[in-house]
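**Q** Okay, here's what each chain looks like letter by letter:
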Amino acid sequence: MNGYAGKILRIDLTDRRISTLYTKDYEQWVGGHGMGSAIFWDLVKDKAVSGFDPRNIVTIMTSPLSGTLVPGASSRTEVQGIGVQSSPIEWFTRSNFGGRFSAMLKYAGWDGIVIEGKADKPVWVDIRNEDVKIRDARHLWGLDTWKTQEEIWRDVSGRGYGSWVELDPERRSTQRPAVLTIGPAGENLSRTGCLIHDAGNASGQGGFGGIWGSKKLKAISVIGTGSIAIADPKGLMEARLWAQGKYSMDLKNIDASWFARFGRKRPQITFWDPHESARLQACIGCHLGCKERSDTGYGNESTCEETAFYAGYDKAKHGGKQTSAAYIATDLLQKYGINSYEATRGLTYIRALQRMGVLGRGKRLECDLDFRKLGEVEFADHYLKLIAYRQGMGDDFAEGFFRAAKRWGRLEEDLKTGVLHYSYWGLPEHGYDPRAEVEWGYGSILGDRDINEHDFNFLFWWPSGAVWANKTPKPPAEEVVKIVAEKLVPYEKNPLMLDFSTDNIYSEHMAKLVAWHRHYTRFWKQSVLYCDHRWPEFINSKIPGYKGLTGEGEPRFFNAVTGKKFSFLDGMEMGRKIWNLDNAIWTLQGRQRDMVHFSDYIYHVPFAGSGNYAMYYLPGKEKGRWDYIRVNGRHLDKAKFEEFKTRFYNLEGWDSRTGWPKKGTLESLGLKFVADELEKNKKLGA
Amino acid sequence: MSHQENKKEKIDFKRISRRKFLKLTGTVAIGAGVLSEIVWLDDAIAAIPASKGYLLVDTKKCQGCLSCMLACSLVHEGKENLSLSRIQVLQNSFAKFPDDLTMAQCRQCVEPPCVEVCPQKALHVDTKKGNVRTVDVKKCIGCKACIQACPFEPGRALWNPDKKSAMKCDLCSDAPFWIQKGGVKGKQACVEVCPLNAIQFTKKIPEQKGDTGYKVNLRGESWKKLGYPKD
Numbered sequence: 183m184n185g186y187a188g189k190i191l192r193i194d195l196t197d198r199r200i201s202t203l204y205t206k207d208y209e210q211w212v213g214g215h216g217m218g219s220a221i222f223w224d225l226v227k228d229k230a231v232s233g234f235d236p237r238n239i240v241t242i243m244t245s246p247l248s249g250t251l252v253p254g255a256s257s258r259t260e261v262q263g264i265g266v267q268s269s270p271i272e273w274f275t276r277s278n279f280g281g282r283f284s285a286m287l288k289y290a291g292w293d294g295i296v297i298e299g300k301a302d303k304p305v306w307v308d309i310r311n312e313d314v315k316i317r318d319a320r321h322l323w324g325l326d327t328w329k330t331q332e333e334i335w336r337d338v339s340g341r342g343y344g345s346w347v348e349l350d351p352e353r354r355s356t357q358r359p360a361v362l363t364i365g366p367a368g369e370n371l372s373r374t375g376c377l378i379h380d381a382g383n384a385s386g387q388g389g390f391g392g393i394w395g396s397k398k399l400k401a402i403s404v405i406g407t408g409s410i411a412i413a414d415p416k417g418l419m420e421a422r423l424w425a426q427g428k429y430s431m432d433l434k435n436i437d438a439s440w441f442a443r444f445g446r447k448r449p450q451i452t453f454w455d456p457h458e459s460a461r462l463q464a465c466i467g468c469h470l471g472c473k474e475r476s477d478t479g480y481g482n483e484s485t486c487e488e489t490a491f492y493a494g495y496d497k498a499k500h501g502g503k504q505t506s507a508a509y510i511a512t513d514l515l516q517k518y519g520i521n522s523y524e525a526t527r528g529l530t531y532i533r534a535l536q537r538m539g540v541l542g543r544g545k546r547l548e549c550d551l552d553f554r555k556l557g558e559v560e561f562a563d564h565y566l567k568l569i570a571y572r573q574g575m576g577d578d579f580a581e582g583f584f585r586a587a588k589r590w591g592r593l594e595e596d597l598k599t600g601v602l603h604y605s606y607w608g609l610p611e612h613g614y615d616p617r618a619e620v621e622w623g624y625g626s627i628l629g630d631r632d633i634n635e636h637d638f639n640f641l642f643w644w645p646s647g648a649v650w651a652n653k654t655p656k657p658p659a660e661e662v663v664k665i666v667a668e669k670l671v672p673y674e675k676n677p678l679m680l681d682f683s684t685d686n687i688y689s690e691h692m693a694k695l696v697a698w699h700r701h702y703t704r705f706w707k708q709s710v711l712y713c714d715h716r717w718p719e720f721i722n723s724k725i726p727g728y729k730g731l732t733g734e735g736e737p738r739f740f741n742a743v744t745g746k747k748f749s750f751l752d753g754m755e756m757g758r759k760i761w762n763l764d765n766a767i768w769t770l771q772g773r774q775r776d777m778v779h780f781s782d783y784i785y786h787v788p789f790a791g792s793g794n795y796a797m798y799y800l801p802g803k804e805k806g807r808w809d810y811i812r813v814n815g816r817h818l819d820k821a822k823f824e825e826f827k828t829r830f831y832n833l834e835g836w837d838s839r840t841g842w843p844k845k846g847t848l849e850s851l852g853l854k855f856v857a858d859e860l861e862k863n864k865k866l867g868a
Numbered sequence: 002m003s004h005q006e007n008k009k010e011k012i013d014f015k016r017i018s019r020r021k022f023l024k025l026t027g028t029v030a031i032g033a034g035v036l037s038e039i040v041w042l043d044d045a046i047a048a049i050p051a052s053k054g055y056l057l058v059d060t061k062k063c064q065g066c067l068s069c070m071l072a073c074s075l076v077h078e079g080k081e082n083l084s085l086s087r088i089q090v091l092q093n094s095f096a097k098f099p100d101d102l103t104m105a106q107c108r109q110c111v112e113p114p115c116v117e118v119c120p121q122k123a124l125h126v127d128t129k130k131g132n133v134r135t136v137d138v139k140k141c142i143g144c145k146a147c148i149q150a151c152p153f154e155p156g157r158a159l160w161n162p163d164k165k166s167a168m169k170c171d172l173c174s175d176a177p178f179w180i181q182k183g184g185v186k187g188k189q190a191c192v193e194v195c196p197l198n199a200i201q202f203t204k205k206i207p208e209q210k211g212d213t214g215y216k217v218n219l220r221g222e223s224w225k226k227l228g229y230p231k232d
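Heads up: the protein sequence lines correspond to chains A and B, in order.
Under the numbering used here, the letters of the first sequence match residues 183 to 868, in that order.
Under the numbering used here, the letters of the second sequence match residues 2 to 232, in that order.
Misleading hints may appear alongside valid ones.
[Claimed, not checked] In silico BS3-like pairs for lysine-lysine, Cα to Cα no more than 30 Å straight-line:
hint: 1; chain 1: A; residue 1: K447; chain 2: B; residue 2: K225
hint: 2; chain 1: A; residue 1: K447; chain 2: B; residue 2: K226
hint: 3; chain 1: B; residue 1: K164; chain 2: A; residue 2: K434
hint: 4; chain 1: A; residue 1: K434; chain 2: B; residue 2: K231
hint: 5; chain 1: B; residue 1: K231; chain 2: A; residue 2: K503
hint: 6; chain 1: B; residue 1: K226; chain 2: A; residue 2: K656
hint: 7; chain 1: A; residue 1: K653; chain 2: A; residue 2: K724
hint: 8; chain 1: B; residue 1: K204; chain 2: A; residue 2: K416
hint: 9; chain 1: B; residue 1: K164; chain 2: A; residue 2: K416
hint: 10; chain 1: A; residue 1: K497; chain 2: B; residue 2: K231
hint: 11; chain 1: A; residue 1: K497; chain 2: B; residue 2: K226
hint: 12; chain 1: A; residue 1: K567; chain 2: B; residue 2: K97
hint: 13; chain 1: A; residue 1: K428; chain 2: B; residue 2: K231
hint: 14; chain 1: B; residue 1: K97; chain 2: A; residue 2: K428
hint: 15; chain 1: A; residue 1: K416; chain 2: B; residue 2: K139
hint: 16; chain 1: A; residue 1: K434; chain 2: B; residue 2: K97
hint: 17; chain 1: B; residue 1: K225; chain 2: A; residue 2: K428
hint: 18; chain 1: B; residue 1: K80; chain 2: A; residue 2: K189
hint: 19; chain 1: B; residue 1: K182; chain 2: B; residue 2: K205
hint: 20; chain 1: A; residue 1: K434; chain 2: B; residue 2: K204
hint: 21; chain 1: B; residue 1: K225; chain 2: A; residue 2: K497
hint: 22; chain 1: A; residue 1: K499; chain 2: B; residue 2: K97
hint: 23; chain 1: B; residue 1: K145; chain 2: B; residue 2: K53
hint: 24; chain 1: A; residue 1: K229; chain 2: A; residue 2: K588
hint: 25; chain 1: A; residue 1: K315; chain 2: A; residue 2: K229
hint: 26; chain 1: B; residue 1: K130; chain 2: A; residue 2: K416
hint: 27; chain 1: A; residue 1: K416; chain 2: B; residue 2: K129
hint: 28; chain 1: A; residue 1: K416; chain 2: B; residue 2: K53
hint: 29; chain 1: A; residue 1: K329; chain 2: B; residue 2: K97
hint: 30; chain 1: A; residue 1: K447; chain 2: B; residue 2: K231
hint: 31; chain 1: B; residue 1: K182; chain 2: A; residue 2: K746
hint: 32; chain 1: B; residue 1: K80; chain 2: B; residue 2: K204
hint: 33; chain 1: A; residue 1: K724; chain 2: B; residue 2: K225
hint: 34; chain 1: A; residue 1: K653; chain 2: B; residue 2: K226
hint: 35; chain 1: B; residue 1: K122; chain 2: B; residue 2: K205
hint: 36; chain 1: A; residue 1: K805; chain 2: A; residue 2: K694
hint: 37; chain 1: A; residue 1: K664; chain 2: A; residue 2: K747
The set of hints was computed from the structure by calculation and includes no laboratory data.
Based on the provided sequences and hints, a complete structural model is requested.
**A** If you want it as structure tokens, here you go:
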């Protein structure tokens, strides 16, 4: 099986039983998310159980591209299961992470792992090629995520690393095992606990750290020495050199090139001040790293959001100058294993409450934190410890700040004003506000979580960055939407899908953009595992005419590895199938149309935006002319959003009264068995 | 040896034992370019010509993506396997730059212990391919002497458990799964694929003692544009 290992590891923690699923049985789902949803469908009979219930499973899936030379698609691992972070329903959800875990799992001979049940004592899973052991983790329980990994590395090779490590006399590796682990936050069942791999890769959303904690699973370690068969090795090498040479960063002429999402010229995505000295660091197989390792060891492998956790407070505390507190605070997030979005939005929230005089020492909401130390390492450590160990008010924090606000009796009020910046499903708002960049909010509320899919985000960053720098945005709006619209098959050549003007954001055109986004990400990014930091590529500053490689690149690499003959459109249709399966699962979890709503402030409070976001530009057509328009100052109209939902459901072939998939839609996708199950449960769309 | 004796002796650099050469070094000036012409005589009277190609690496530039390893196993074996890569990159997520990463390329040693030790001359100098030190798989009996003999850690000669033979870097002289011509007169997959140009091919024999010959600075001015020191 080209690209595949052929087997999926199935671990029942209750009975301590290790068995195998055959990848061939799930091959039609291709990999990653598709396989995870299908396996979940088969193995979890009662889909309405809580995420903490032992009957919940966690799937950890690779794709056929994991561990290969495909650029920006070799390293990601997709984690799924019933989450514990969202509200009011703990949606069946997903999260993925980079590094080298998926690659190592493939080399060990496994396409994925399914975790079932619950162990009676702390355990870790030790995978060395086909040899799999469930081992006692009492000596690991309580350790932070970094110490846990170092301890496991010592276990696997007592002689350290630096030479060849023998798994047996025939099979050796120079690599350290790839470990995925929880920290104290997960051990203490935090809904904001995450899974950490190496220093800075995290499966952040969904609370999978807490779920593993409830299963008493501390870590999974894998080391493999095997091979991944490639259908067309020459073709893969050629494709890699083509993509890299034509589209990727030219060291002699550094420009945004691939991927220019933030419009920056540098590939590393960090929001703190640069280290004195560092290397660019990349996940396995990536053509353009986004992380770093520093000369202090601080901030190793953290990227993007988590690097923004504390830098602002650090600077404010130290007269505008950042210290190492910014880095160390982020490292603490990784070590305790805490979701950086919850930690960041949560801190903003409790800081606001503290300033309002309702939270603090001796206040109605008694909290031990000394806000005079905000910006120092000491404060960050105290705050994160409260969450990790559920100490004092940390017991509320560990529930996620939406549930915390509810416990405090402040939820309704704080969602009305927006001081609690949690806009969808009780989850922290990502930063690309639903009132501004609607495809992000819509995708999130019509699904299960903050989508964290940056596919169209460059439509904000490129023009806005230019405006902030007093430059003219290039290319002009009309040109950019034309380039992108050409690639939005099967809805191609409809630039109105990219019209973010207020008159258009509830239209069927926008519904098509949201649908396209769901389908593309479900397949190409979450099943085939093309990385969100580098794919899709609509616009490339290095190419005359700006056309990126999306449409051509995705199937070219996929087919070179697997030997299949997928077209880009085949992938889109597969994505639509997977998206429908997910909606069926949510339906069985109790989803109803009328719960699909943003938090109150989205409908009433005009979007101001802070800092640079106060100048939020997106392409739009106003008075018949395309331009980059400033979308600050608007909020969503609840009634119009209701109309939009109807348009979206109709477009997707879902029952517009309930949002449930219809029989005809499911059957046309080969999902009759899903329709039958929904019908049995009286939840089939009419 | 006295200076006078040196003058009398005609030194044939085309056939000189290492022992003699070492005695001469320091007493006789060796012209530029001579090193590459030297044909070593070992005690078994086997001549080991120096390789016409070498890989140099910049361990501070490397982003640890292992693309070189993925490309190496891909073009040689037609599959992806880090344990079948003839170049190895090792890293530690928790260590401090630059000690967080090492690159282990074959040095195509001027005095290759792996060649000297092979009982079957399977690991040999391929004079038709620019003197690369490479394994003739048909002759290899799997004794693993070469693997033990490499003085570097991790050893550059590696074991292929599928073929039950040794293998090592051949500068892509024999890379059947690549349309590009490899070898000392062609390209190397690791060099071509490295996204940051952290591996370089050279025809010049690197300094054999220590690492400075093989671990070099390839960063240049553009590296500063990324915000990193180019020193």
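**Q** Does each hint fit the structure? Answer for all of them.
**A** How the hints compare with the structure:
no., hint, in the structure
1, A:K447 to B:K225, "12 Å, holds"
2, A:K447 to B:K226, "9 Å, holds"
3, B:K164 to A:K434, "42 Å, violated"
4, A:K434 to B:K231, "14 Å, holds"
5, B:K231 to A:K503, "25 Å, holds"
6, B:K226 to A:K656, "22 Å, holds"
7, A:K653 to A:K724, "19 Å, holds"
8, B:K204 to A:K416, "27 Å, holds"
9, B:K164 to A:K416, "21 Å, holds"
10, A:K497 to B:K231, "28 Å, holds"
11, A:K497 to B:K226, "24 Å, holds"
12, A:K567 to B:K97, "25 Å, holds"
13, A:K428 to B:K231, "25 Å, holds"
14, B:K97 to A:K428, "33 Å, violated"
15, A:K416 to B:K139, "24 Å, holds"
16, A:K434 to B:K97, "28 Å, holds"
17, B:K225 to A:K428, "23 Å, holds"
18, B:K80 to A:K189, "18 Å, holds"
19, B:K182 to B:K205, "20 Å, holds"
20, A:K434 to B:K204, "23 Å, holds"
21, B:K225 to A:K497, "25 Å, holds"
22, A:K499 to B:K97, "27 Å, holds"
23, B:K145 to B:K53, "26 Å, holds"
24, A:K229 to A:K588, "25 Å, holds"
25, A:K315 to A:K229, "29 Å, holds"
26, B:K130 to A:K416, "22 Å, holds"
27, A:K416 to B:K129, "25 Å, holds"
28, A:K416 to B:K53, "26 Å, holds"
29, A:K329 to B:K97, "16 Å, holds"
30, A:K447 to B:K231, "18 Å, holds"
31, B:K182 to A:K746, "28 Å, holds"
32, B:K80 to B:K204, "29 Å, holds"
33, A:K724 to B:K225, "20 Å, holds"
34, A:K653 to B:K226, "21 Å, holds"
35, B:K122 to B:K205, "26 Å, holds"
36, A:K805 to A:K694, "22 Å, holds"
37, A:K664 to A:K747, "28 Å, holds"
Consistency with the previously given hints fails for numbers 3, 14, ordered from lowest to highest.
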